[in-house]
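Mapping to numbering that gives the first Met the number 0: the sequence shown position 910 is 909, numbers consecutive.
Any given hint might turn out to be false.
In silico DSBU-like links for lysine-lysine, alpha-carbon gap of 35 Å or less [unchecked claim]:
no.: 1; residue 1: K296; residue 2: K103
no.: 2; residue 1: K626; residue 2: K665
no.: 3; residue 1: K682; residue 2: K667
no.: 4; residue 1: K282; residue 2: K296
no.: 5; residue 1: K522; residue 2: K539
no.: 6; residue 1: K728; residue 2: K807
no.: 7; residue 1: K762; residue 2: K779
no.: 8; residue 1: K136; residue 2: K34
no.: 9; residue 1: K34; residue 2: K521
no.: 10; residue 1: K133; residue 2: K245
no.: 11; residue 1: K626; residue 2: K521
no.: 12; residue 1: K280; residue 2: K296
no.: 13; residue 1: K20; residue 2: K597
no.: 14; residue 1: K521; residue 2: K73
no.: 15; residue 1: K133; residue 2: K296
no.: 16; residue 1: K242; residue 2: K127
no.: 17; residue 1: K390; residue 2: K539
no.: 18; residue 1: K1; residue 2: K20
no.: 19; residue 1: K245; residue 2: K73
no.: 20; residue 1: K188; residue 2: K171
no.: 21; residue 1: K171; residue 2: K296
no.: 22; residue 1: K188; residue 2: K127
no.: 23; residue 1: K328; residue 2: K354
no.: 24; residue 1: K323; residue 2: K242
no.: 25; residue 1: K136; residue 2: K242
no.: 26; residue 1: K328; residue 2: K136
no.: 27; residue 1: K73; residue 2: K1
no.: 28; residue 1: K662; residue 2: K700
no.: 29; residue 1: K682; residue 2: K700
no.: 30; residue 1: K292; residue 2: K323
no.: 31; residue 1: K662; residue 2: K296
no.: 32; residue 1: K601; residue 2: K73
no.: 33; residue 1: K665; residue 2: K782
no.: 34; residue 1: K242; residue 2: K130
no.: 35; residue 1: K358; residue 2: K127
no.: 36; residue 1: K57; residue 2: K700
no.: 37; residue 1: K328; residue 2: K73
In case anyone wonders, no lab produced these hints; they're calculated from the structure. None of these values were measured; they are calculated from a predicted model.
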Amino acid sequence: MKINNLKINHITNPLGFDLGKPSLSFITCETTASKQVAAQIQVALDEEFTQIAFDSGKSEEINSLAFELQIELKPRIRYYWRVTVWADNEEVATSETAWFETAKLEEPWSGKWITPDLDSKIHPILSKEFKLEKLIKSARVYICGLGLYEMNINGKKCGEEYLAPNFNAYNKWLQYQTYDITDTLVQGKNIIDVALGNGLYKGRFGFNSEENIYGEEFVLVCEAIIDFEDGTSLIINSDETWKARKSKVLDSNIYDGEIYDSTFDDLNNYNVKELDLGFEKLKARLSLPVKIKERLKPVEVIKTSAGETVLDLGQNMVGWIEFKTNASKGSEITLQYGETLQEGNFYRDNLRTAKAEFKYIANGEEAIVRPYFTFYGFRYVKVEGWPGELKSDDFTGCVLYSDMEVTGYIETSNPLVNRLFLNALWGQKGNFLDIPTDCPQRDERMGWTGDAQVFSGTACFNMDTFAFFSKYGYDLYREQEDTDGMVPMVVPASNLQGGGSSAWADAATIIPWNVYIQYGDKKILSQQFESMRSWVDYIKRADDNSGGKRLWTTGFHFGDWLALDGTDPNFPTGGTDIPFISSAYYCYSSRIVSKAAKALGKEELAKEYEELSNEVKQAIRDEYFSKNGRITINTQTALIIALFMDITPEDKRERVANDLREKLKKDKNHLKTGFVGTPYFCKVLSENGSNDLAYTLLLNKGCPSWLYAVTMGATTIWERWNSVLPDGKISGTDMNSLNHYAYGSIAEWMYRYMVGINPVEDKPGFRHVNLTPMPDYRLKYAKGTYNSTVGVYESQWEITEEGNLNFKVVIPFNATATLVLPNAKLENVKVNGTLLKDTKLKPNQSDENVTAELTSGSYEFNYLPEIAYIKYYGTDVSLGELAANEEVKNIIDEKLPMMLAEDMLERSGHQSLRELSFMPFSPITKKILEDLEKALNKIKIDAVE
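Based on the provided sequences and hints, a complete structural model is requested.
And the structure:
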C-alpha cells in the first residue's frame with residue numbers, strides 16, 4: 000500500500016501561496032484493501048518530525064479529499080507533513096514527506112515600490128549588487144513586478160515560471176511570488192537583476208487596444224531575506240539604492256510580440272525612485288505558475304509558393320519558439336506566428352490587429368533565443384532573415400500553460416474521435432494560461448466567462464483545475480464588488496464595460512459547483528458562496544424591478560451565441576427566445592446556490608434559494624409550456640435546456656424528448672446549437688433514450704459537426720462550426736479563432752456517457768460514482784481513465800466480432816461505484832469468469848439493464864446483450880424495391896432512428912442490400928427492429944438473428 004499525491008489546496012509542495020485555512024488531500028493506492036478505516040496527519044517544523052506542530056492522532060474522521068488543517072500558520076515557515084493510513088485489511092502505510100511554505104502573511108513590507116527614472120515606454124532592468132561573507136542556510140525572495148517581470152540572480156533565471164506576476168484584476172489586488180534562491184547565491188559578490196515588460200498591466204490590451212489600463216509605469220517591490228548558518232539574517236530591500244538600465248527588450252506587447260536587440264548594451268546606471276503605491280492590494284499568490292509544460296519540434300519546413308520559409312509545428316499550440324543561432328552581428332531574424340496556411344502560404348489575417356511577431360537582432364555570438372514578455376497562439380511560424388540553411392533542429396516550440404496535472408484520457412476505435420478528444424485537451428492547454436482565455440492568438444485573449452463556464456466540466460476531467468478555478472473565482476468575486484453582484488463578460492474585466500449576460504455571468508455559480516462535485520472540497524464553496532449568492536440576488540433584483548414575474552426579461556444577453564438557427568449573422572445570438580434562456584439560467588443558478596448553501600450547512604439560505612428556483616421554474620412552465628407539454632419555442636437549444644435544467648414537468652419529459660428527436664430529424668440529424676445548447680446536447684440525448692442520436696452527432700463528419708473540423712486537419716477546437724470552409728479557405732476574419740475551446744465541452748460527454756464515469760452529488764469528489772457506460776455499435780471500443788481525487792478510475796468497453804459486450808472497470812481505494820450494464824439479462828452476465836448472479840455484488844435486473852454495486856478493485860464483465868446483431872442477407876433486392884414497399888418505407892422513414900436509416904443505406908453499398916448488421920443499444924429500437932424484420936421478410940429477404 001502506498002500513499003501519494005499529497006497536496007495542499009490541491010497544489011503539490013506550494014511555496015509562498017495564500018493558503019488561508021490549508022486543505023490537505025492525499026491518495027492511497029497499490030493495495031488489495033477496499034477502504035480506509037483510519038488515518039493520521041502529522042505536521043512538523045523539520046523533516047525529522049522532532050518538532051511537531053500538529054498531530055491528528057489515529058482518527059476515523061480524516062477525509063482524504065479535504066482535511067482542513069487547524070493550526071495558526073506563521074510567516075515564512077516551511078512546514079513538513081505526512082500521512083499514515085490504516086486499511087480494512089489491516090495494512091498500514093505512511094507516506095513520503097511533503098511540505099508547504101508560507102509567504103509573508105501579515106508581516107509588513109520593508110521593501111519599497113520603485114520605478115526607474117526613465118521614460119515609461121523604455122523597458123528597464125532594475126538591479127541591486129550586494130556581498131555575502133557568511134555561509135548561507137536559506138534564502139527567499141518575495142517579489143512583484145509590473146506589468147510582467149523576470150528575475151535573474153548572478154545571471155541565472157530564478158524559478159521555472161514565466162509571465163509572472165500573472166494576470167488578474169490589478170486594480171483590485173496584486174500577487175507577489177516567492178522564490179527559493181538558496182542555491183543561486185554565492186559567497187562574495189551577488190547581483191539581482193529584474194527585467195520588466197508591459198504585459199496586460201500597461202501594454203496594449205482589450206477590445207479598444209488601450210494602453211496603461213491598470214498603470215502607466217514599470218514598478219517593482221522586492222525583499223530578499225537571507226538566513227545564515229550562524230543564526231543571523233540579511234534583508235535586501237528594493238529602495239532608492241537600486242539602479243536601472245535599459246533592457247535589450249526594446250518593446251513588448253501581448254498582442255504584437257517582442258523586439259530584442261542583443262547588440263544593445265546600456266552601460267549607464269540610472270536612478271530609481273520610490274512610489275507610494277501602498278501595500279493594501281499586495282497579497283501572496285493564488286495563481287499557479289505558468290511553465291513550459293511540453294516541447295515540440297517542427298514536423299516540417301515548408302517552402303511556400305510565395306517564397307516563404309515556414310515551420311510547421313504539427314499542432315496548434317501556445318507559447319513561443321526558442322531557437323539557436325550564431326547569426327552575424329547586426330543581422331535581424333523575424334518570426335511571425337499564425338494558425339493556418341491559405342493556398343499553401345503563410346496567413347494570419349484572422350489575428351486582426353495583432354502583429355504576433357518576434358524580432359531578434361544578433362550580436363554575432365551563439366545564443367539560444369526566446370521572448371520574455373509575450374506569448375503566441377500558433378501552428379505555423381514564418382522565418383525571415385535566417386542566415387544560411389534553416390534546420391528544424393534549431394527550433395523548439397515551448398508549450399506554456401498553468402502548472403496543472405493532466406488527469407483524464409479517452410481513446411476509441413475511431414481515430415477521428417481520438418483526435419477530437421486531443422483537440423479539446425490542446426484547447427485547454429492553450430487557453431488555460433493563468434486565466435481561461437477565449438483564444439490565445441488574436442487581439443483579444445481575454446477571460447470570457449461564458450467560455451469558461453461551458454467548458455468547466457470538461458476542464459475538471461482533463462486536468463486538476465481546483466487551484467486554477469479558485470484563483471479565477473477570486474478574481475470574479477473581486478470584480479463583482481463594484482457592480483452590485485453583476486458579473487462582467489470577461490474576468491479580469493480590463494477595460495471592457497458591461498456584463499450580466501445569462502450563461503456568461505452564471506460562471507459565478509456553475510464553475511464553483513462543478514469544481515466542488517469534481518474534487519469534493521468545500522473550500523471552493525466557502526470561498527465563492529457570497530459571489531454565487533450575490534449573482535443570483537442581482538438577477539432577482541432585475542426581476543423584481545421589472546414586475547417580479549420570476550422571469551428574467553431585462554438586460555443584455557448573448558443568447559445561444561454562434562448558433563446556426565438565428566436570423567442576424569452580424570450578431571449571432573441564435574433563434575432561441577432570449578428570455579427563455581436567461582430565465583432558465585435564473586432557475587438553474589438559484590438551485591445551485593441552494594445546493595451550495597446546503598453543502599455548507601446554511602439550511603435557511605438553502606430553503607430560500609430552493610423556493611426561488613421553484614418559483615422561476617413554475618413561471619417558465621406557465622409562460623413557455625402548453626398543458627400537454629409542448630414547448631412554444633421549437634429550437635434544439637430550447638428543448639435541450641428544458642430537459643437538462645429540469646424545467647420540464649416530470650410527466651412531460653417523454654413528450655419533450657420526443658419533440659427533440661423530431662426536431663433533430665427535421666434538421667437532418669445535425670446540430671444547430673451555439674454556446675448554450677451545444678454543451679448539453681449529447682448529455683440530454685443519452686439521458687433520454689436517444690444515445691444512438693448522441694453518437695450520430697458525435698460521428699457526423701459534415702459541417703456543422705465536431706468531426707468536420709477534424710477532417711479539415713484541426714488540432715484544436717474552432718470558434719465556429721465552419722471556421723474553415725471545405726475548400727480550405729477561412730470563413731471570415733472578424734471573429735474566427737482556430738483555438739477556441741468552448742465546443743470542446745463534448746469531451747465531458749465522452750467521460751460521463753461514452754465510458755460512463757459519473758460523480759454523485761451527495762458523495763462528491765468521486766467517493767462514489769455511477770458507472771454507466773453507453774456503447775454504440777459504430778465504435779468497436781472506448782477506453783477512459785480519470786485520475787480523480789480518490790485515485791484512478793478506468794472504464795472501457797468492447798464489442799466483439801461475435802456481438803458480445805466486454806466491460807473492464809477499475810475502482811480506486813476507498814471508493815465505490817454503481818455499475819449499470821446496458822441491454823443485459825442477469826443470467827447471462829459474467830464477472831471475472833463467474834456468473835454475476837452468484838456473486839456478492841448485489842446484482843439487480845432493472846428494465847433492460849443490470850446493476851451491480853462495486854467496491855475497490857478490478858472487474859471484467861462480459862455478456863451477449865439483449866439486443867444482439869441482427870443481420871439481413873439479400874441478393875438482388877435494390878434500394879428502389881425497398882423504398883417501393885410502403886411498410887418498409889414507413890419503418891425506415893418514420894420509426895427507425897435517422898442514424899440507422901442512414902447506416903442501412905451506407906452498408907448496402909448503395910446498390911443492393913447485401914448485408915446489414917447493427918447493434919443500436921437504445922431501448923426505443925428493439926420493437927422497431929422486430930417490425931423491420933417482419934417487413935423485410937415480406938419482400939423475400941431472409942432474416943437471420
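Structure-based check of each hint:
1. Only pairs whose Cα atoms come within 35 Å are accepted, and K296 paired with K103 is rejected, the gap being roughly 41 Å.
2. With a C-alpha separation of about 24 Å, the suggested pairing of K626 with K665 holds against the 35 Å cut-off.
3. With a C-alpha separation of about 19 Å, the suggested pairing of K682 with K667 holds against the 35 Å cut-off.
4. A distance of roughly 39 Å separates the Cα atoms of K282 and K296; the hinted pair therefore is violated under the 35 Å criterion.
5. Proximity of K522 to K539 is assessed by CA-CA distance (about 26 Å); at most 35 Å being required, the pair is judged to hold.
6. Between K728 and K807 the CA atoms are separated by roughly 44 Å; this puts the pair beyond 35 Å, and the hint is violated.
7. Only pairs whose Cα atoms come within 35 Å are accepted, and K762 paired with K779 is accepted, the gap being roughly 32 Å.
8. Of the supplied pair hints, the one linking K136 and K34 is violated, its CA atoms being roughly 43 Å apart against a limit of 35 Å.
9. For the proposed pair K34 and K521, the alpha carbon gap of about 22 Å is at most 35 Å, so the pair holds.
10. For the given pair, K133 sits about 32 Å from K245 by alpha-carbon distance, which is consistent with the 35 Å threshold.
11. Straight-line distance between C-alpha atoms of K626 and K521 comes to about 41 Å, which puts the hinted pair past the 35 Å bound.
12. Between the alpha carbons of K280 and K296 the distance comes to roughly 42 Å, so the proposed pair goes past 35 Å and is violated.
13. Restraint check for K20 and K597: satisfied, since their Cα atoms lie roughly 21 Å apart, inside the 35 Å limit.
14. This hinted pair checks out: K521 and K73 have alpha carbons roughly 24 Å apart, not beyond 35 Å.
15. Under the criterion of a C-alpha separation no larger than 35 Å, the hint pairing K133 with K296 is inconsistent with the structure, at around 45 Å.
16. Pair hint K242 plus K127 holds up; C-alpha atoms about 7 Å apart against a cutoff of 35 Å.
17. At most 35 Å may separate the alpha-carbon atoms for a hinted pair to count; K390 and K539 exceed this at roughly 62 Å.
18. A threshold of 35 Å between alpha carbons decides the hint, and for K1 with K20 the separation of about 26 Å falls inside it, so the pair holds.
19. Taking the CA atoms of K245 and K73, the gap is near 39 Å; set against the 35 Å cutoff, the hint is violated.
20. This hinted pair does not check out: K188 and K171 have alpha carbons roughly 38 Å apart, beyond 35 Å.
21. The straight-line distance between the Cα atoms of K171 and K296 is roughly 40 Å, outside the 35 Å bound, and the hint therefore fails.
22. With a CA separation close to 11 Å, the supplied pair K188 and K127 stays within the 35 Å bound.
23. Distance hint between K328 and K354 is fulfilled; the C-alpha atoms sit about 25 Å from each other, no more than 35 Å.
24. Simply put, K323 and K242 have alpha-carbon atoms about 31 Å apart, close enough for the 35 Å limit, and the pair holds.
25. At roughly 27 Å between alpha-carbon atoms, K136 and K242 fall within 35 Å of each other, so this suggested pair holds.
26. Taken as a hint, the K328 and K136 pair is broken in the structure, with Cα atoms around 43 Å apart against an allowance of 35 Å.
27. A threshold of 35 Å between alpha carbons decides the hint, and for K73 with K1 the separation of about 31 Å falls inside it, so the pair holds.
28. With a CA separation close to 20 Å, the supplied pair K662 and K700 stays within the 35 Å bound.
29. This hinted pair checks out: K682 and K700 have alpha carbons roughly 20 Å apart, not beyond 35 Å.
30. As the CA atoms of K292 and K323 are separated by approximately 20 Å, the hinted pair is consistent with the 35 Å bound.
31. A C-alpha spacing of about 47 Å is found between K662 and K296, which places the hinted pair above 35 Å, so the restraint is violated.
32. For the given pair, K601 sits about 31 Å from K73 by alpha-carbon distance, which is consistent with the 35 Å threshold.
33. The straight-line distance between the Cα atoms of K665 and K782 is roughly 33 Å, inside the 35 Å bound, and the hint therefore holds.
34. A threshold of 35 Å between alpha carbons decides the hint, and for K242 with K130 the separation of about 16 Å falls inside it, so the pair holds.
35. For the hint linking K358 to K127, the alpha-carbon distance of about 29 Å falls within 35 Å, and the restraint holds.
36. A distance of roughly 57 Å separates the Cα atoms of K57 and K700; the hinted pair therefore is violated under the 35 Å criterion.
37. Between K328 and K73, the direct Cα distance comes to roughly 53 Å. Violation of the 35 Å bound is thereby established for this hinted pair.
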